[in-house]
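Sequence lines, in order, name chains A and B. Using our numbering, the letters of the first sequence correspond one by one to residues 370 to 586. Using our numbering, the letters of the second sequence correspond one by one to residues 786 to 1027.
What the hints contain is simulated information worked out from the structure, not anything from laboratory work. Mixed in with the good hints there might be a few duds.
Unchecked claim - No farther apart than 25 Å at their CA atoms in a straight line, the calculated lysine to any residue pairs in the SDA-like style are these:
id : chain 1 : residue 1 : chain 2 : residue 2
1  : A       : K486      : B       : E815
2  : A       : K505      : A       : R554
3  : B       : K901      : A       : N416
4  : A       : K528      : A       : G487
5  : A       : K418      : B       : D858
6  : B       : K856      : A       : N416
7  : B       : K897      : A       : N416
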Amino acid sequence: MSSFFEYVVQCWPQLVLGLGLTVKMTIFSLVLAVIIGMIACLFSISNVKPLNWISGVYLSVIRGTPLMVQAVFIYFGLTAALDVKISSFNAAVLVLCLNAGAYLSEIFRSGIAAVNKGQMEAARSLGLPYGVAMRKIILPQAIRIVIPSVLNQFIITLKDTSILSVIGCGELMRQGDQIVSRNFRSFETYAIVAIMYYVVVTILTKIFRIIERRLSN
Amino acid sequence: MIKVKTEQLKKNFGDLEVLKGIDLEVKEGEVVCLIGPSGSGKSTFLRCLNRLEETTAGTVIVDDHDLTNPKCDINKVRENIGMVFQQFNLFPHLNVLENIMLAPVDRKKMSKEEAKKTAERLLAVVGLAEKATEYPANLSGGQQQRVAIARALAMQPDIMLFDEPTSALDPEMVGEVLEVMKKLASDGMTMVVVTHEMGFAREVADRVIFMDGGYIVEQGTPVEVFGNPQNKRTQDFLNKVL
């Protein structure tokens, strides 16, 4: 057992470096994903048919293909075809935000649909235009409804960063892979990696619970 | 002066013809009660008067604005038509004052202080001055509906529409809402009320309209309609509810 802890200490600097990148990647992706998700959601509930169509295609492509395929297609496929260079970190953020954005847009849409129809009618009957009614009456209620699902998506995206190890940016999973390829100690290394994800997710879950409780009061 | 006028108003939901040609004029200060069995089209008709339902054919003229004209600025017209719903539809994330102040501040560009004063005055009118900072969830149904009336009145409308305002209330709370409506009527508000409260219609209405199957079947003063209904369908309906 003492050798296990020695091993942890030995791997620690490299894994922490990876974890830092994982967290950074998650934060960047989620900020963009929330924006993309809102836009896609507005497109999908709009009365303008072409906008519905755009969000529909976006959603079905993201839902219909695996994240890993999206990652290699964008990082290896698209960059080769278009002859552009993009860092693996930027590619990872791009893939993750497109992916999470699609799921968030569905979460937002369901939240808006869950607000009682009478709320919009009451707002419009007072003479409020659609946009004002949406902003001041519907969205504040929808946000409260979707917060648990949105926070859940945040955790999913954090874990999904591990899939991005396939395009070789040095996040936590990738660092683990590299250690194993050097010393073949797969059991201990992946156990440490798993525990690190677990601890971060658990801390986040606890924080989110507190946020949810605050908001429901 | 005519405040509301509909001509051959028709409304279909898909293949279902709900309104089959309604002609109605409501004069300034008049209180019109719409009665009739469920599914007769009363609520749909009322909702056509502020275009919460788009009409299929015919015209709806409110305050000289033709609501069926696509160029009509419906938001402007709606500012002048208050509506009270069966389910109250207060905004649950805003407190009572904020519910009432929202539209005047946003639409009429009223200052917050002025809107607050108006809201407090209206709350006193509906007897809820002490509930100003409560949230809707903490109010009884009757209180919520009175706040909803105050919210509609805050826009200083000329016309008020009531869509079964007491149907979702516990029996002991019906009276307090009807009292507020009576006060409004006696102050000269033009009102169109869809209701199952025959006592209210008899006492307050200037005119009672009986609708069935998408038509106006019979109309007249409460004495005429309740005392001596001419049409067989009106007689059957009144026999059941009275």
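Verification of the hints:
| no. | hint | in the structure |
| --- | --- | --- |
| 1 | A/K486 / B/E815 | violated (30 Å) |
| 2 | A/K505 / A/R554 | violated (56 Å) |
| 3 | B/K901 / A/N416 | violated (36 Å) |
| 4 | A/K528 / A/G487 | violated (39 Å) |
| 5 | A/K418 / B/D858 | holds (24 Å) |
| 6 | B/K856 / A/N416 | holds (18 Å) |
| 7 | B/K897 / A/N416 | violated (34 Å) |
The structure fails hints 1, 2, 3, 4 and 7 (numbered hints given earlier, in ascending order).
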